[in-house]
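These are the residues of each chain, in order.
2 protein chains.
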Amino acid sequence: MKLYGYFRSSTSYRLRIALNLKGLAFENIPVNLVTAENKDEGFTQRNPFGSLPMLEADGRDRAQSMALLEWLDEAYPVPPLLPQDLEARYTMRELAYAIATEIHAINNLPVLKYLKDPLGHTQDEIDTWYRHWLARTLVPVEARLAQLDAGDFLHGDAPGLFEVVLVPQLYNARRFAYDLSASPHLTRIEAACLALPAFERAHPDNQQDSPERKPQ
Amino acid sequence: MKLYGYFRSSTSYRLRIALNLKGLAFENIPVNLVTAENKDEGFTQRNPFGSLPMLEADGRDRAQSMALLEWLDEAYPVPPLLPQDLEARYTMRELAYAIATEIHAINNLPVLKYLKDPLGHTQDEIDTWYRHWLARTLVPVEARLAQLDAGDFLHGDAPGLFEVVLVPQLYNARRFAYDLSASPHLTRIEAACLALPAFERAHPDNQQDSPERKPQ
Numbered sequence: 001m002k003l004y005g006y007f008r009s010s011t012s013y014r015l016r017i018a019l020n021l022k023g024l025a026f027e028n029i030p031v032n033l034v035t036a037e038n039k040d041e042g043f044t045q046r047n048p049f050g051s052l053p054m055l056e057a058d059g060r061d062r063a064q065s066m067a068l069l070e071w072l073d074e075a076y077p078v079p080p081l082l083p084q085d086l087e088a089r090y091t092m093r094e095l096a097y098a099i100a101t102e103i104h105a106i107n108n109l110p111v112l113k114y115l116k117d118p119l120g121h122t123q124d125e126i127d128t129w130y131r132h133w134l135a136r137t138l139v140p141v142e143a144r145l146a147q148l149d150a151g152d153f154l155h156g157d158a159p160g161l162f163e164v165v166l167v168p169q170l171y172n173a174r175r176f177a178y179d180l181s182a183s184p185h186l187t188r189i190e191a192a193c194l195a196l197p198a199f200e201r202a203h204p205d206n207q208q209d210s211p212e213r214k215p216q
Numbered sequence: 001m002k003l004y005g006y007f008r009s010s011t012s013y014r015l016r017i018a019l020n021l022k023g024l025a026f027e028n029i030p031v032n033l034v035t036a037e038n039k040d041e042g043f044t045q046r047n048p049f050g051s052l053p054m055l056e057a058d059g060r061d062r063a064q065s066m067a068l069l070e071w072l073d074e075a076y077p078v079p080p081l082l083p084q085d086l087e088a089r090y091t092m093r094e095l096a097y098a099i100a101t102e103i104h105a106i107n108n109l110p111v112l113k114y115l116k117d118p119l120g121h122t123q124d125e126i127d128t129w130y131r132h133w134l135a136r137t138l139v140p141v142e143a144r145l146a147q148l149d150a151g152d153f154l155h156g157d158a159p160g161l162f163e164v165v166l167v168p169q170l171y172n173a174r175r176f177a178y179d180l181s182a183s184p185h186l187t188r189i190e191a192a193c194l195a196l197p198a199f200e201r202a203h204p205d206n207q208q209d210s211p212e213r214k215p216q
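So the sequence lines, in the order shown, correspond to chains W and R. According to the numbering used here, the first sequence is numbered sequentially starting from 1. According to the numbering used here, the second sequence is numbered sequentially starting from 1.
Keep in mind the hints are simulated off the structure, nothing from the lab. Mixed in with the good hints there might be a few duds.
You can't tell identical chains apart in this list, so a pair holds if it fits in one copy or across any two.
[Claimed, not checked] Taking lysine to aspartate or glutamate and the EDC-like style, the derived pairs with C-alpha atoms no more than 20 Å apart in a straight line are:
no., residue 1, residue 2
1, Lys116, Glu142
2, Lys116, Asp179
3, Lys113, Asp127
4, Lys116, Glu41
5, Lys39, Asp61
6, Lys2, Glu87
7, Lys22, Glu87
8, Lys214, Asp85
9, Lys39, Glu56
10, Lys214, Asp124
11, Lys39, Glu142
12, Lys2, Asp40
13, Lys2, Glu41
14, Lys214, Asp157
15, Lys113, Glu125
16, Lys2, Asp61
17, Lys116, Asp127
18, Lys214, Glu27
19, Lys113, Glu37
20, Lys116, Glu27
21, Lys22, Asp61
22, Lys113, Glu74
From a predicted model like this one, the values you see are computed outputs, not experimental measurements.
Let's have the full structure, built from the sequences with the hints guiding it.
This is the structure:
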C-alpha cells in the first residue's frame, strides 16, 4: 500500500493511525499541501478531488478519508474500528462523524485560505473562527462522553473510529491554542491513544516531511 | 418512529428520503431552525448537539445524520442503501461523504450565519461562498460519474446513500442559483430520484411546516 499524504494534514494523520492499528505496512509518500502539489495534473488525474490522503491499495486509488476508513474496516476487519453491536456502532460513528463534519470540514485548509483570500480576514479572525467550531462540537462531545461514563477509550479497551478522528483534531486544537482544560474525557482518551505505538508512529512530528522530525 | 426536523434542512430531507426508501412509517415533528427551537433546553437535553434531524426510534434519540443513515442501513437492511460488494460500497460512500463533508458542512446554516454575524458579509458574498463550495466538489463528482458511466443511479437500478445525500444538496444548489447545465449525470440522477414516491413525499414543499405545501 502507498499512502499519499502530508505530515500535518489531519485526514492523512487519520489514515496513518488506522493503517497502523490494522497492522498494515504502507509506504508514506509526502505531497506538499502548502505548495499545492495535490493540485498537479498528475495527481488530480488519479484523484479528481485533488484531496489528501490518497491510498493506493488493491489496485485502486481511494481518496475520501471517511469512506476510506469505513472501507478499511470492511476489507481488513481485525482489529475492528467499529464494534459489533449496532448501538455501539451508532455511538462510535456519531462522535467520529460529528468531528469530521462539524469541525474538520469547516476548519479545513481550503476554507481557512478562502477566509484570508478573497474574504480578507486577519489571522486573528481566522483563529477565532477555528476555535468557534471546535468549541461548538467538542463541548457536546465531552458531554456525551461524560454521559456514557467513558474510560480510556469510547468503547472497550482499544481505540476505534472515534479515536482515529479525535486525536488529529486535538493535535490541531492545540496548534490553535484551544483550551482543553474543561474536557477531561477528551484529554484522557487522547493521552491513552498517544501512549500507543500505532498513534506514536502516525504523529505529524514523526513523518519524513516534518521539519520537527528527530534523526532516526 | 418520530423524526424531529425542519422542512428545508437538507439533513432532515436526507432522513425523510431514507426512511421512505426503507418503507418505515414515521411521525414528522417540525422544529423551527430559523427561530432556533433546536437550541431550546428541552431539545438539547435530548440532543446535546442541538442539531436536526433527531430520530426517536427503538427507545433512543439519534442525531448525527450520516451516522444515522449508516445505522438505519444496518438495523433495517432491506432495501439496502449500500451495495454488498466492497468496491461498490467504497464508491457509494466516497461520493456521499464528499458531498456531506466538503459541501454541506461548509454551507450549513450555522456557518452562513457566522459569515453574516460576526464576520459582516453581505448576502452576495455569502451566495458566492455557497456556490464556490458547491462547484469545488460537484465538478469532480460529475467527473467521477462520467468515469463510472453512471446511468439513472450510481449503482444498479435503485437509489442508495449517494442519492439520499445528493438530492437535498441539489435542492439547495437550485435555491442558490447554481448552474447545473454542465452536470448531465447529476441532473439525470436527480430526475430519476424525484420521480420516485419516496423522494416526492420527502420533498421540502410537501412537509407540514412548509409555506409551499399544497392542500391535501
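Each hint, compared with the structure:
no.	hint	result
1	Lys116 <-> Glu142	neither (31 Å within a copy, 28 Å between copies)
2	Lys116 <-> Asp179	neither (24 Å within a copy, 26 Å between copies)
3	Lys113 <-> Asp127	both (12 Å within a copy, 18 Å between copies)
4	Lys116 <-> Glu41	neither (25 Å within a copy, 36 Å between copies)
5	Lys39 <-> Asp61	within (16 Å within a copy, 42 Å between copies)
6	Lys2 <-> Glu87	between (34 Å within a copy, 18 Å between copies)
7	Lys22 <-> Glu87	between (23 Å within a copy, 19 Å between copies)
8	Lys214 <-> Asp85	neither (41 Å within a copy, 43 Å between copies)
9	Lys39 <-> Glu56	within (17 Å within a copy, 43 Å between copies)
10	Lys214 <-> Asp124	neither (31 Å within a copy, 48 Å between copies)
11	Lys39 <-> Glu142	between (36 Å within a copy, 18 Å between copies)
12	Lys2 <-> Asp40	within (18 Å within a copy, 48 Å between copies)
13	Lys2 <-> Glu41	within (19 Å within a copy, 48 Å between copies)
14	Lys214 <-> Asp157	neither (31 Å within a copy, 54 Å between copies)
15	Lys113 <-> Glu125	both (12 Å within a copy, 15 Å between copies)
16	Lys2 <-> Asp61	within (9 Å within a copy, 40 Å between copies)
17	Lys116 <-> Asp127	both (11 Å within a copy, 17 Å between copies)
18	Lys214 <-> Glu27	within (19 Å within a copy, 58 Å between copies)
19	Lys113 <-> Glu37	within (16 Å within a copy, 33 Å between copies)
20	Lys116 <-> Glu27	neither (34 Å within a copy, 44 Å between copies)
21	Lys22 <-> Asp61	within (19 Å within a copy, 32 Å between copies)
22	Lys113 <-> Glu74	neither (35 Å within a copy, 38 Å between copies)
Against the hints set out earlier in the document, violations occur for numbers 1, 2, 4, 8, 10, 14, 20 and 22.
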